[in-house]
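So the chains spell out like this:
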Amino acid sequence: MDYHLNFNFVWKYADKLWWGLALSIELAFISILIGCVIGLALALAHSGGGRVVRSCVTAYVEFVRNVPLLLLIYLIFYGVPSIGGFAYDATESFVATLAVYSGAYLVEVFRAGLDAVPKGVIDASKAIGLTPWQRFVSVRLPIMLRIVLPSLSNVLISLFKDTSLASVIAVPELLYGANWIKTNTFRQVEVWLVVWPMYLVTGYLILVALRQVERRFSLNRQR
Amino acid sequence: MIDFALKTLPFLWEGLTVTLYVSAMVVALSLVAGVLMGIGFTYGPRWLRFLLRVYSDILRGTPLLVLIFSVYYLMPFAGVNLNPLPAAVIALSAFKTAHVGEIVRGALQSIAAGQTDAAKAIGLTFAQRLAYVILPQGLRRFLPPWVNSVTEAVKGSSLVSLVGIVDLMLASQQVIGRTYEPMPVYVLAAFMYFLINYSLSVASRRLEARYAYIRE
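As given, the protein sequences belong to chains A and B, one line each in that order. The opening residue of the first sequence carries number 1 in the numbering used here; numbering runs sequentially from there. The opening residue of the second sequence carries number 1001 in the numbering used here; numbering runs sequentially from there.
Be aware that one or more of the hints could be misleading.
Unchecked claim - Listed below are several chain B residues computed to face chain A (Cβ distance under 8 angstroms; list not exhaustive):
hint	residue
1	T1062
2	L1139
3	L1143
4	K1155
Said to hold, decoys possible - Only some residues are given here: those of chain A computed to face chain B with a beta carbon under 7 angstroms:
hint	residue
5	L71
6	G79
7	S82
8	G84
9	K161
10	Q188
Claimed, not checked - With a straight-line Cα cutoff of 25 angstroms, these simulated SDA-like cross-link-like pairs (lysine to any residue) come out:
hint	chain 1	residue 1	chain 2	residue 2
11	A	K182	A	W18
12	A	K182	B	R1140
13	A	K182	A	F7
14	A	K182	B	I1058
15	A	K182	B	P1076
16	A	K16	A	V189
17	A	K182	B	F1077
18	A	K16	B	L1162
19	A	K16	B	V1163
20	A	K182	B	A1078
21	A	K12	B	Y1073
22	A	K182	B	L1059
23	A	K182	A	W11
24	A	K182	B	P1084
25	A	K182	B	K1007
26	A	K119	A	E214
27	A	K12	B	L1074
28	B	K1007	B	Q1174
FYI, nobody ran anything at the bench for these hints, they're computed from the structure. Just so we're clear, the structure is a prediction, and the values are computed from it rather than from any experiment. Backbone N, C-alpha and C fix where the C-beta goes; we use that ideal spot for every residue, glycine too.
Using the sequences and the hints, build the whole thing.
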């Protein structure tokens, strides 16, 4: 083995990796926020709507869950503009994709969460005379959110990992930065040895932070 | 439109066979390794359980694409020169093994301790306990999530297109490169993926309903 590890090139362009990492995290957070809106709206539509609405929601969920994310990314970035007659930049398109993608998973999460809100609490809020809107906003929604929090953090972690796919449409996130350094310096071994731990450690840190949040808002918290 | 679909179909079909081939390899390899891993997880000595935990957490914490690139580019550094196909299959299988291992662990640990005690009491050896008592019962809890995880393998196999293997994903890209008609080709490819994965999800749900009686 005559290869000598030389990390200098990686350090020289380290800002590409740091900014890439920041963008990865940002993409995951923005996507899950939009995904939550989609997921919650569709979960409510599913539980309150008629048969047509229901089957539309189910079709959306099943389609997204059974197609590779990579295909969805291409479909939305190259496919949709080609028939829509418009173009958007890669980052917007990727956020849209990841939001649509996470939305499909979050519909299921929110549906389970809404079902898990105890009936007695809803009845109690009816009994004290809250309007349906008040019941939803100040009773069902907060309890549901606290129930689904662990699932939400799992989805967020997995979205963070999925942001690595954004590199295929040239969104300058972490993996794109890695590929850039690789093609420009040919120091591929060093790049992967740095980028792999970066993903691992960041994912782990996000997980630890979210577990703290979960503990803070857990319904079974010791008082 | 239909004419167009008929013309592109042979190319996509060729890609589809590669996708199915890669998925089948990954599913088979990860099944064998994952079952061993799950058994090690449940019955192994402490150091083995620790090593498996580290392996599983690292693999599941890495984006699959990073893993594929790392294996593809780091293997030559370790003195092994691999073609893209074996490198991708190794990366996908290593990733999948961690997931299958966790499913097996969950299935084995869900079996009541009394079963093991009873099997010990009638004098079965460890191998016999495993073969006649634990694994048959564990199988029912293992199958539904595992069949579901096969869809993940099929979806994950689309990433091999990024190291230059002409699977369904790259085949559709190539067709688009020639025809400049992205939408119909992507929709066709999506439909193919959907057909495979949806039938697997339905099978998983059926199995789950069938074995639901034992889930108490």
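For each hint, the structure was consulted:
1. Annotation: interface hint on B/T1062 holds; nearest CB of chain A at approximately 6 angstroms, less than 8 angstroms.
2. Interface restraint check for B/L1139: the shortest CB-CB distance to chain A comes to about 25 angstroms, outside 8 angstroms, so the restraint is violated.
3. With its C-beta approaching chain A no nearer than about 19 angstroms, B/L1143 sits outside the 8 angstroms limit, and its interface hint is violated.
4. About 4 angstroms separates the beta-carbon of B/K1155 from the nearest beta-carbon of chain A, less than 8 angstroms, and the hint is met.
5. This hint holds: A/L71 has a C-beta 6 angstroms from the nearest C-beta of chain B, less than the 7 angstroms allowed.
6. With a cut of 7 angstroms, the hint placing A/G79 at the interface with chain B holds, because the nearest CB-to-CB distance is about 4 angstroms.
7. This hint holds: A/S82 has a C-beta 5 angstroms from the nearest C-beta of chain B, less than the 7 angstroms allowed.
8. For A/G84, the suggested interface contact is broken, since its CB lies about 9 angstroms from the closest CB of chain B, more than 7 angstroms.
9. Checking A/K161 against chain B: minimum C-beta separation of about 4 angstroms stays under 7 angstroms; hint holds.
10. With a cut of 7 angstroms, the hint placing A/Q188 at the interface with chain B holds, because the nearest CB-to-CB distance is about 5 angstroms.
11. Between A/K182 and A/W18 the CA atoms are separated by roughly 15 angstroms; this keeps the pair inside 25 angstroms, and the hint holds.
12. A C-alpha spacing of about 46 angstroms is found between A/K182 and B/R1140, which places the hinted pair above 25 angstroms, so the restraint is violated.
13. For the proposed pair A/K182 and A/F7, the alpha carbon gap of about 12 angstroms is at most 25 angstroms, so the pair holds.
14. A hinted pair counts as satisfied when its Cα atoms are at most 25 angstroms apart, and A/K182 with B/I1058 qualifies at roughly 23 angstroms.
15. Taking the CA atoms of A/K182 and B/P1076, the gap is near 15 angstroms; set against the 25 angstroms cutoff, the hint holds.
16. With a C-alpha separation of about 17 angstroms, the suggested pairing of A/K16 with A/V189 holds against the 25 angstroms cut-off.
17. Taking the CA atoms of A/K182 and B/F1077, the gap is about 14 angstroms. The hint holds against a cut of 25 angstroms.
18. Taken as a hint, the A/K16 and B/L1162 pair is honoured in the structure, with Cα atoms around 21 angstroms apart against an allowance of 25 angstroms.
19. For a cut-off of 25 angstroms, the pair hint linking A/K16 to B/V1163 stands: about 22 angstroms separates their Cα positions.
20. Taking the CA atoms of A/K182 and B/A1078, the gap is near 18 angstroms; set against the 25 angstroms cutoff, the hint holds.
21. For the proposed pair A/K12 and B/Y1073, the alpha carbon gap of about 21 angstroms is at most 25 angstroms, so the pair holds.
22. Restraint check for A/K182 and B/L1059: the C-alpha separation of about 22 angstroms stays at or below 25 angstroms, so the hint holds.
23. The straight-line distance between the Cα atoms of A/K182 and A/W11 is roughly 13 angstroms, inside the 25 angstroms bound, and the hint therefore holds.
24. This hinted pair checks out: A/K182 and B/P1084 have alpha carbons roughly 17 angstroms apart, not beyond 25 angstroms.
25. With a C-alpha separation of about 38 angstroms, the suggested pairing of A/K182 with B/K1007 is violated against the 25 angstroms cut-off.
26. Simply put, A/K119 and A/E214 have alpha-carbon atoms about 23 angstroms apart, close enough for the 25 angstroms limit, and the pair holds.
27. Distance hint between A/K12 and B/L1074 is fulfilled; the C-alpha atoms sit about 21 angstroms from each other, no more than 25 angstroms.
28. For the hint linking B/K1007 to B/Q1174, the alpha-carbon distance of about 13 angstroms falls within 25 angstroms, and the restraint holds.
Hint check: violations occur at hints 2, 3, 8, 12 and 25; the rest are consistent with the structure.
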